[in-house]
Amino acid sequence: KAGVTQTPRYLIKTRGQQVTLSCSPISGHRSVSWYQQTPGQGLQFLFEYFSETQRNKGNFPGRFSGRQFSNSRSEMNVSTLELGDSALYLCASSPGSYTDTQYFGPGTRLTVL
Amino acid sequence: DQQVKQNSPSLSVQEGRISILNCDYTNSMFDYFLWYKKYPAEGPTFLISISSIKDKNEDGRFTVFLNKSAKHLSLHIVPSQPGDSAVYFCAASEDSGGSNYKLTFGKGTLLTVNP
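Residue numbers (the working numbering), protein chains in the order written: chain A, 1 to 113; chain B, 1001 to 1115.
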């Protein structure tokens, strides 16, 4: 089975712009979660989607949003970028039940200048 | 407020010896715990997990111990190998009754296994 793929792998944006990141889960997985990794805060949960519905949400401002399509692919959008949004954005997929293992993609490295 | 803490940013051990990575948590609602390993430029890879109804889980060279009263878990790697050198993350989650899979991660411990 192919693993979780994320595109693009690297991205450079300037303050005030918006960005959309994409995640393709493992075939058959219905849950996609997004995490932000920064040196200071570590890995922080953004949100989780299951069957096109946001099922769980972390403590991030409304500038961070996401969606999931019927084929379980997910996108994450960040509007009005700030310097502090520079981070590695990771998505993880799982079949969807509570104790299912989450499999992570390689991440998208976003740099905001 | 950091609910999952890995107090050792780094750990160095000799090949063949035991590596012990520690993790403490504060949220008593956490009932499922996981360890992930991360190499540079890759996403975290699942290693091993443990439910709060158990106090030990083994998988090959990896064993996770859970002490609920102390809100502490540890990962033992025996014997340690140079390929184990990576950042190890402890993570925890709570079953919110249908709204699940929100992992809370520690900040990680960099393990270096010296040949």
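Errors might be hidden in some of the hints.
[Stated by the list, open to error] Computed Cβ-Cβ distance ranges for the label pairs, DEER-style:
hint	chain 1	residue 1	chain 2	residue 2	range
1	A	Gln-41	B	Met-1029	16 to 24 angstroms
2	B	Lys-1056	A	Ala-2	32 to 40 angstroms
3	A	Glu-82	B	Ser-1069	29 to 37 angstroms
4	A	Glu-52	B	Arg-1017	44 to 52 angstroms
5	B	Ser-1051	A	Gly-62	41 to 49 angstroms
6	A	Leu-113	B	Lys-1056	28 to 36 angstroms
7	A	Ser-65	B	Ile-1053	31 to 39 angstroms
[As the list claims (entries may be wrong)] Computed from the model, here is a short list of chain B residues facing chain A with C-beta under 7 angstroms:
hint	residue
8	Gly-1016
9	Pro-1040
10	Glu-1042
11	Lys-1107
If you are wondering where the hints come from, they were derived from the structure by calculation, not from laboratory data.
Backbone N, C-alpha and C define an ideal beta-carbon position, used for all residues, glycine too.
Problem set entry | Numbers of unmet hints, in rising order | Of the numbered hints, 3, 5, 6, 8 and 9 do not hold.
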